[in-house]
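Student: With these hints in hand, go ahead and build the complete structure from the sequences.
From first to last, the protein sequence lines stand for chains A and B.
When the first sequence is numbered by the UniProt record's numbering, its final residue is 350 and no position is left out of the sequence of numbers.
When the second sequence is numbered by the UniProt record's numbering, its final residue is 350 and no position is left out of the sequence of numbers.
If you're looking for bench data, these hints aren't it; they were derived computationally from the structure.
Positions of the beta carbon are idealized from the N, C-alpha and C atoms, including for glycine.
Among the hints, a few may not be true.
Claimed, not checked - Covered stretches of chain B (in silico footprint by chain A; criterion: 3 or more residues with CB under 8 Å from a CB of chain A, positions within the stretch not fixed): (1) 37 to 48; (2) 137 to 148.
To be verified - Derived lysine-lysine pairs resembling DSS-like cross-links, with alpha carbons at most 25 Å apart: (3) Lys164(A) x Lys164(B); (4) Lys7(B) x Lys73(B); (5) Lys36(A) x Lys164(B).
There are 2 protein chains.
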Amino acid sequence: MSTNESKRTELGQLGEFGLIEHLTKNIKLKHPSSVKGVGDDAAVLDYGSGKTVVSTDLLIEGIHFDLSYTPLKHLGYKSVVVNLSDIYAMNAQPKQITLSLGISNRFSVEALEEFYAGVQAACDFYEVDLVGGDTSSSNRGLIISVTALGTGDADKLVYRNTAKVGDLICITGDLGAAYLGLQILEREKQIYLSNPDVKPDLEGQNYLIGRQLKPEARKDAIAAFAKAGLVPTAMIDISDGLSSELFHICGQSGVGAFVEESGVPIHPDAQMQAINFNLDPITCALSGGEDYELLFTIDPADIDKVKYLPDIYIAGEITPASDGIKLHTKGGNIHDIQAQGWQHLGKTDA
Amino acid sequence: MSTNESKRTELGQLGEFGLIEHLTKNIKLKHPSSVKGVGDDAAVLDYGSGKTVVSTDLLIEGIHFDLSYTPLKHLGYKSVVVNLSDIYAMNAQPKQITLSLGISNRFSVEALEEFYAGVQAACDFYEVDLVGGDTSSSNRGLIISVTALGTGDADKLVYRNTAKVGDLICITGDLGAAYLGLQILEREKQIYLSNPDVKPDLEGQNYLIGRQLKPEARKDAIAAFAKAGLVPTAMIDISDGLSSELFHICGQSGVGAFVEESGVPIHPDAQMQAINFNLDPITCALSGGEDYELLFTIDPADIDKVKYLPDIYIAGEITPASDGIKLHTKGGNIHDIQAQGWQHLGKTDA
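Tutor: Quick look at the structure:
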């Protein structure tokens, strides 16, 4: 399940600048706004009009990813996608990224080439330019920092703090699958560690594993909004699970939410795998994270604009803050949704 | 020599979002171009005119800094400064930064408050806004990623690849001191580790230690250039030592350089300390790094514009590439300057 390396070039053979040059030599700038890319103290961008949007993420080996089951190419792709997802969640268009890496000597040049191939594939698919970064050694593991820049029209940017009572709560796609994909990969890793001769059993799990290893940002949804003339009233990307994102929107907007369990999209594979794992599918959707779908709210007057869009699920309604953040279960019960998030903090030591 | 903590609040007590809110609650946005700061998927900036410049740096505990002798407040300050230095090196003005942290459970909330106090002090002094970031746990040590954004006039941005034969090579301040400060701190650390009762002997070393722990970016030099109507022909900040930066400018501009040892500014304290350490002062200046002065080239016709500026040293001349990159020593010898840089890569393991 790890990356195959037929050739191994030590990083020291190239040196820092040789390495950067080697890894970035195929980069071609696509945007007129990318004036100067890799190779100076700073990249130079030209945003003549509109607003500039910037987002940044830090990914740390052992916390955010496990290289025993994550191919480096997929990791490069995902590192870009998680950042672009934040730009789309502003209803903006990403244009450039910077990428900084902390690399231990465990990695060969070929391994980094695979990582960059994934970065490049994401840059190509999402039409963004890699314009700069920093490369350093790390004393343990791989550290990835991506900053994305984008542009949007001032009157079309969508924030988290602007949901209003009566707005409809919408989701762009199914939730919980990425989390379940991770559980499958973790299970197979444990089996492999206890008996390296057992082959991983990933049969029929392509969808869930794909959602974990190669997520996509909803560029297409933002494009569909523009085509339909829709500007959501509030929006956030679902990186930490639906409940956590609901808490952000409700907390910042000073409102509550009433969510129908039956309105939360869950893929049949996720449904089945959750049950296999003895988990409640809705809990996976609420707390799982890493689906990178968009959670957004719309004025009910705009319902015709979303109704015919593919992959848009109406999951509930914005309520007064005093009503809290509630889930109406399929069984007819109503209970409080709990805030999740930053599960990472609990599991580390110094 | 480490930070005193009278109170200790575990990170888990606040949670991720509580922590970010706690650490960023005193941030006030200064720039009209800072439309939206911390608290959404992305920061929103408005650069109506000019070019946007972006730079990013990754700092890793154990590689770039040692907390046994680096106060967290100084580290916060320096983390910002090293990034702003890249923006000034484009002859641009920094306006915003994003800050991402990977934090192990070793750190208390109070420790992070100290770090942020340093970040805030740098933001205040350099008049930049902290507009976003990402906070995560790390499994070992502190990881800091800063991205700086700034603006500059298209016709005044200064690149690395535009030095011309005959240009004068200039430096904004003395070199080698930060490296020697680091050597003093490392020596005292080793003494302390072998006998914790021995007090560190830092007497009379304020200048060198200050250059290491609290460097400044040369905002004032950029302002002086503007006032004098000077636009350098090429520029880079000196983060990896003069030789490394000369190689960048010469390599990218397709030129050579002839540097006079007598023209390379070295502080008397650095001079003396180098000799105490049995090091050649000019070697410290060429290879030491972390001084964050600016190396720039000017058209000789502009010499009157720099001649009366304080702290500008003319160190040599740009030559044809075929002449190589040479140092003319005080002893009258001429020898090749060696490229340095990425010393970091050699000293790590997996």
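Student: It remains to establish, for every hint, whether it holds in the given structure.
Tutor: Here is what the structure says about each hint:
Here's how the region 37 to 48 of chain B fares: 10 of its residues keep a CB closer than 8 Å to some CB of chain A, so the rule of at least three is met and the hint holds. Remark: the region 137 to 148 of chain B is confirmed as covered by chain A, as 9 of its residues place a Cβ nearer than 8 Å to a Cβ of that chain, reaching the required three. Distance check on the hinted pair: Lys164(A) and Lys164(B) sit about 60 Å apart at the alpha-carbon level, beyond 25 Å; violated. For the hint linking Lys7(B) to Lys73(B), the alpha-carbon distance of about 16 Å falls within 25 Å, and the restraint holds.
Of the pairs offered as hints, the one joining Lys36(A) and Lys164(B) holds, with about 20 Å between alpha carbons and a cut-off of 25 Å not exceeded.
In summary, the one numbered hint that this structure violates is 3.
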